[in-house]
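Protein sequence lines correspond, in order, to chains C and G. Under this note's numbering, the first residue of the first sequence is numbered 34, with each subsequent residue one higher. Under this note's numbering, the first residue of the second sequence is numbered 91, with each subsequent residue one higher.
Please keep in mind that the hints were generated in silico from the structure rather than gathered at the bench. Treat the hints loosely; a few may be bogus.
[Claimed, not checked] For lysine to any residue, the following SDA-like pairs were computed, each having C-alpha atoms within a straight-line distance of at most 20 Å: (1) G:K105 - C:D135; (2) G:K217 - C:M45; (3) C:K142 - G:G149; (4) C:K142 - G:K153; (5) G:K217 - C:R47; (6) C:K142 - G:S129; (7) C:K142 - G:E142; (8) G:K217 - C:E44; (9) G:K680 - G:R706; (10) G:K217 - G:D253; (11) G:K217 - G:L152.
Because the structure is a prediction, the values reported are computed rather than measured.
What follows is each chain in one-letter form.
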Amino acid sequence: MPRILLVEDNEMNRDMLSRRLTRRGFEVAIAVDGREGVEQASTGEYDLVLMDMSLPEIDGWEATRQLRANPDTESLPIIALTAHAMAGDREKALEAGCDDYDTKPIELKRLLSKIEALLPDGS
Amino acid sequence: MSSYSPESGVPEAAKQLRHELRTPINHIVGFAEMLLEDSEGEAHAARRGQIEAIIGAAGDILKEINTALPPTLSEPSDEDVRALYAAFQSPRERVLASVEALRGMPDVAADEGFTGDLERIREAAEKLAPPGIATAERESSRQATDADRSAENGRARILVVDDDENNREVLRRRLEREGHAPECAVNGVEALERVAESPYDLVLLDVMMPEMDGYETLDRLKGDPSTRDIPVIMISALDDIRSIVRCIENGAEDYLPKPFDPVLLRARIDASLEKKRFRDQEVDYLRQVDRVIEAAASVEAGAYDRGSLTEVGHRADALGRLARVFDSMAGEVRARETRLRTRVRELRQEIDAARGAGTVAEPFEGGQLQAGETFAERYEIAGLLGHGGMGAVYRARDLELEEDVAIKMLRPEFIADAESLERFKTEIKLARRISHPNVVRTHDFGEADGVRFLTMEFVEGLTLRDLIDSRGKLGVSAVLAVAAQLAESLAIAHAQGVVHRDIKPQNLLLDEEGVLKVMDFGVACLSERSSTLTQAGALVGTPAYMSPEQLIGEHIDERSDLYSVGVVLYECLSGRPPLDGGSAITLIAKVLGEEPPPLGELAEGTPDAVCALIHRLLAKNPNDRVPSAAALGGELSRMN
Chain C
34 MPRILLVEDN
44 EMNRDMLSRR
54 LTRRGFEVAI
64 AVDGREGVEQ
74 ASTGEYDLVL
84 MDMSLPEIDG
94 WEATRQLRAN
104 PDTESLPIIA
114 LTAHAMAGDR
124 EKALEAGCDD
134 YDTKPIELKR
144 LLSKIEALLP
154 DGS
Chain G
91 MSSYSPESGV
101 PEAAKQLRHE
111 LRTPINHIVG
121 FAEMLLEDSE
131 GEAHAARRGQ
141 IEAIIGAAGD
151 ILKEINTALP
161 PTLSEPSDED
171 VRALYAAFQS
181 PRERVLASVE
191 ALRGMPDVAA
201 DEGFTGDLER
211 IREAAEKLAP
221 PGIATAERES
231 SRQATDADRS
241 AENGRARILV
251 VDDDENNREV
261 LRRRLEREGH
271 APECAVNGVE
281 ALERVAESPY
291 DLVLLDVMMP
301 EMDGYETLDR
311 LKGDPSTRDI
321 PVIMISALDD
331 IRSIVRCIEN
341 GAEDYLPKPF
351 DPVLLRARID
361 ASLEKKRFRD
371 QEVDYLRQVD
381 RVIEAAASVE
391 AGAYDRGSLT
401 EVGHRADALG
411 RLARVFDSMA
421 GEVRARETRL
431 RTRVRELRQE
441 IDAARGAGTV
451 AEPFEGGQLQ
461 AGETFAERYE
471 IAGLLGHGGM
481 GAVYRARDLE
491 LEEDVAIKML
501 RPEFIADAES
511 LERFKTEIKL
521 ARRISHPNVV
531 RTHDFGEADG
541 VRFLTMEFVE
551 GLTLRDLIDS
561 RGKLGVSAVL
571 AVAAQLAESL
581 AIAHAQGVVH
591 RDIKPQNLLL
601 DEEGVLKVMD
611 FGVACLSERS
621 STLTQAGALV
631 GTPAYMSPEQ
641 LIGEHIDERS
651 DLYSVGVVLY
661 ECLSGRPPLD
671 GGSAITLIAK
681 VLGEEPPPLG
691 ELAEGTPDAV
701 CALIHRLLAK
711 NPNDRVPSAA
721 ALGGELSRMN
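This is chain C alone, in the form it adopts within the complex (with noise of 0.2 Å):
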């Protein structure tokens, strides 16, 4: 089953993404701020990163930064999830090291799609 964890400050939001993804089958953790993220990520044990960009402590620009510079964690697949759905967002995000990008409010279909092409084979 694949694992996912889910770093979003939003109650709301961690409540509803959390129980759809759980409702196709992955398996979801939580962080709610960008250093709890960090934290959890470097311990292994997730398949991919869902990092919503706005957090408290340290922002999701700043976590995924800090993902990529840690050799355990450099190719984790993350996808940068943002209400602020600004121009240009899209290739800060990759730039930022993120693989993709997807806006809020969330399409389920095309997040699982991407969700799905970034997750390893047999995962």
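With chain C's structure known, arrange chain G on it following the hints.
The following block gives chain G in isolation, referenced to the frame of chain C:
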């Protein structure tokens, strides 16, 4: 690491607004899609219709947002924002209508998980209501996340007062979700009872209620000092301007018309709580300032309780520091006062004993003026008090001011020329400025029938000379009481530029309370020149109390008085002056060249520190003495 920052250059307002609007849509769509998944099968066709309507409406809202706030938009104007909110109010209402329709379905109402998600959808839709508040307020509420708000506010105790059960319930649930601790009352009477029982941070008060309406409830809350500071927000369907004005005038913090806008309600509640918090802090601060002021008053009254400022002292700010320093200083003052009181008590015992022994010289008759005679057309002579070095001293009644005075006659030879007269007048003018409980006040200098005289405060009591003659050695505490008062009076006089020059037991009066009063400030200048070594044959009185520098006619300063104090204290403790000789010449020679015998040998039981201090006062060289009367007072007060 590069300095790349994806946030730089992005207009904060547009970004925030987009985030703020898209997040609730994310919730609406997400929860609705889950509900849709849970509603498969023929039985749930009606549900699915409503849920799809919600998803469709949310999509319409998103379209409006994307149109009004394209990803490339820089800074939206206030007008853009208002137009945007207006544009998606219709789909937002469709969301709320569908939520209500779903709630009304019998099978839904029983499904707790389903209704929970419906509530989340409703809550998200309400976040899309028009702000209806000033841009600045919207900015601040936008920047404060829910977590911030609860951290700022803690769990505020809010009392909801409304006779309508649904209204109460809606408000209660909303406030709970905001992280507050709401309680409810069904009318004004119950509200007042609850408020009287325990403090609240805020009252939300309906206007139209049975029994006691919101106006009267507000009046009572604001009329009672114990509840006056609780902020009250009026909530009412009455939105006419007069009701609003009336409530604000009567002390309501704010006013919200029903149906209330949740964003507005939250902003107003937060603002009221914030104000209350500041007010509470201010009240608390002022209360603690009062504690320090009370403590200062109790120090004055001699009733300061050490440690009564402990609570204030725990503050980390300047007030806390003040309280800590104050407490320590006041404690020290208290200890000194206690010591002084003990000493004065012993002094009074000595005085009482001297009076009881009957050895105090009573006023004697035989002066030039007779009792009952009027002198200088103003003073009725009551009797002769004694003969000083300069002439007779009478007790008299000042007929003009109707008070008792002492009149000191000055023998003509002391004011032989105009120069001496001028000098004397100057000294007296200076001395008259000294006003202190330990100083006998000098009133007037006058001349009548060819006799110059001084009038001064009359003190009922005895001189230290009388006391020593009667008691012999005095107790250490009693002597320290004399010393402390003497030092204090000299410190005041010296500060005004007056050196006494003739400190001796005959010039120190003690009233029956043990209060010491120093006489004859300014008078000694008359005898000074004739009491120097160069005119030794014409010495007035005894040079036993004069400093070496005074005896040889050198310039003297306040330290000369301190030498005299040393002689007085030495004599009080040992019963004899530090140096004495058969004749004036022998005495002067000793004062100039001989050390006094160690006081400790003559006055057993006197603490070494006291002996050492008195010997320092008796140093031949003024530079070796205690430097000032104030310093002497300080050293005495520290002695246990």
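Of all the hints given earlier, name the ones this structure violates by number, lowest first.
When the structure is compared with the hints, only number 10 turns out to be violated.
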